[in-house]
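Participant: All chains, full assembly: derive it from the sequences and hints.
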Amino acid sequence: MLNTLIHVEHAMKDSVKTNIPTLRKKKFLSLSEPYLFLLPALIIFGLFLYYPFLRTIFLSMFLTNKTGKAKIFVAFTSNDNYLTLFKDPSFWSSVAVTFKFVIAVALGGLLVGLTSSLLTEKKYRGSGFSAAVYAMPIAIASAAASMAFKMILHPTNGLLNQLMGTQINFTGDSRYALASVVGLTIWLTSGINFIFISAGLRNVPGELYDSASVDGAGYWRKVFSVTLPSISPTLFFQIIINIIGAFQSFSQIKLLTEGGPGDATNVMVWSIYKDAFRNFRFGAAAARSVILFLIVMVITIIQFRFEKKGVNY
Amino acid sequence: MRIATRQRRLLQNTGRFLLNIPLMLVILVPLLYTISISVMPPDEIYGNHLIPTSVKFTNYIQAFTNPYYNFPRMILNSFIVSTTVMLGQMVTCSLAAFAFSFLQFKGKKILFIAVLATMMVPGEVTIIANYLTMAQWGWLDSYRALIFPFLTSAMGIFLLRQYYLTFAKELYEAAKLDGCSNLRFLTSIVVPLSRPALGALGAYVFLNTWNQYMWPLLVTNSREFRTVQIGISMLYDIDAVSLGLMMAGVVIVIVPSLSIFVFMNKQLINGLMAGAVKG
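Residue numbers (numbering that gives the first Met the number 0), protein chains in the order written: chain A, 0 to 312; chain B, 0 to 278.
Derived from the structure by calculation, the hints contain no laboratory data. Heads up, a few of these hints could be off.
Partial chain A-side listing against chain B, Cβ under 8 Å, derived [stated by the list, open to error]:
(1) Leu37
(2) Phe44
(3) Arg54
(4) Leu58
(5) Ile139
(6) Ala147
(7) Met150
(8) Gln161
(9) Ile191
(10) Phe249
(11) Ile271
(12) Phe281
(13) Ala284
(14) Leu291
(15) Thr299
The C-beta atom is built at its ideal place from N, Cα and C for all residues, glycine as well.
Facilitator: See the structure below:
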């Protein structure tokens, strides 16, 4: 009897002994499983987002050689990349051009989006087609649109000059170059502006219009005292999207003006590209990148703040 | 009386349509003009015609057959890259979104914030460092360089997670009780149920990759790995006189984009809206 009991106990011990590693293994697996699910995404983010982000900050503190190797640590010295930039008038002109460009694109895009949304707000036969046309630019690549606009703006054979009976070199004349890329960018972003603003319009409660009608308000009165205040959060959000998008514009500049003539369209992303891949000054280009990041971050924070407070009512 | 209202309605309808025409022209004319130039013989382009007197497809044949441009190869490259990136994002984003919505683990919140934070960094900010990485690894001029950096996105993870959160928790618990593994639950239940969200992600990612310009411009050099968007600008650089050829190139690269817009409109717009709701 005792013998058997001891035997059983031994057997149990054995089984427990043999089970502990497998149990541990199982527990380890179930504990680590969530991280395994995240692993592919985190590896990609690590290699192509976090690491290059830190590397950009690192690079911005060095003078680099032609292959982008950090050579001389210059942060806080008289050769500091940031300090050099801040002392360079062409940097400030690039910042000024960028802000002009961004503001014109953000407001222009908003205006086109608002107009197209209001025009298709009331349904009519064929309004579905109009809506599709207004949304269409979301699908068009900026490079493809840039080439099309290159043709439209062509000094001798372009559509615009033919229509006006002129021979203006739009992209090569500093009076028109910035306006040209602004126009193209507004065209490109008109689709997303239309989609978001008309989604905002659909959410305006119909009763608001009804009571305004009862009060005898005309169309424009309703637009200004019902529609616009009701969709102001959408409009604000859309301006932010436009601003952040405009800061990142590259193909238009590269394909239409290459930042010129002079510095007329030298926006920040173009100056990053030029510094790094034409002048091989990777350190300086990295410093410009960090500044661009800080600007975009500030705008994003402003957006957060306002979203919490709410923009309207 | 009835006729009068009908007439008034017709008038109203026509009026609304007419109001739309100017703005619709602004959006449409660049495309129509591009098509028009692309089928024009050179003498008409330089004769400043707006509409061709006869339709010629010489430019398209040139674009497709001239080995010097090697346009078909670029189209193939763009298709390979866009499709791989699309499928890759569907996989990595599904896996990550699953962990963020169904599983409990240490550091979940911080990791999720770390993922969302990537949306605050514009791609242009990291592009130099990424380029240097590619150069170091010897990845320049390869599909790897065009594909790997885009194999996941915070937008995709966020979009799918939001969708997964609408699923009933009981579904997951019941499956677990039946001994269903997490991976199996994801592949055989969650993925089939989230087809609308995956469609939105897929349409959006394919289009975005197809339309990429700056990154492919930096990391490819040979005609072998160039993508179409670079290709059309090269048609101009090679031969600035052949405006018609250039416009034919533009039409060719716009066709796939427009097809997605027409046939997957709803998915595309859903994806776009998720993509724009940054942070």
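Participant: It remains to establish, for every hint, whether it holds in the given structure.
Facilitator: Against the structure, the hints:
1. Among the interface hints, the one on Leu37 of chain A holds; its C-beta lies about 5 Å from the nearest C-beta in chain B, closer than the 8 Å criterion.
2. Residue-level restraint check for Phe44 of chain A holds (minimum Cβ-Cβ distance to chain B is 6 Å; threshold 8 Å).
3. Nearest Cβ of chain B to the Cβ of Arg54 of chain A: about 4 Å, under the 8 Å cut. The hint holds.
4. Residue-level restraint check for Leu58 of chain A holds (minimum Cβ-Cβ distance to chain B is 7 Å; threshold 8 Å).
5. The interface hint given for Ile139 of chain A holds, since its Cβ lies 6 Å from the closest Cβ of chain B, which is under the 8 Å cut-off.
6. With its C-beta approaching chain B no nearer than about 5 Å, Ala147 of chain A sits inside the 8 Å limit, and its interface hint holds.
7. Because the closest C-beta pair between Met150 of chain A and chain B is about 6 Å apart, less than 8 Å, the hint holds.
8. A hinted interface residue such as Gln161 of chain A counts as satisfied when its beta carbon comes closer than 8 Å to some beta carbon of chain B; here the least separation is about 5 Å, so the hint holds.
9. This hint holds: Ile191 of chain A has a C-beta 7 Å from the nearest C-beta of chain B, less than the 8 Å allowed.
10. Nearest Cβ of chain B to the Cβ of Phe249 of chain A: about 5 Å, under the 8 Å cut. The hint holds.
11. Against a cut-off of 8 Å between C-beta atoms, the interface hint on Ile271 of chain A holds, since the closest Cβ of chain B lies about 7 Å away.
12. A hinted interface residue such as Phe281 of chain A counts as satisfied when its beta carbon comes closer than 8 Å to some beta carbon of chain B; here the least separation is about 6 Å, so the hint holds.
13. A distance limit of 8 Å between C-beta atoms decides the matter here; for Ala284 of chain A the minimum to chain B is near 5 Å, and the interface restraint holds.
14. The interface hint given for Leu291 of chain A holds, since its Cβ lies 6 Å from the closest Cβ of chain B, which is under the 8 Å cut-off.
15. Annotation: Thr299 of chain A was flagged as interfacial toward chain B, and the flag holds, the nearest CB pair being 5 Å apart, inside 8 Å.
In this structure, every one of the numbered hints holds.
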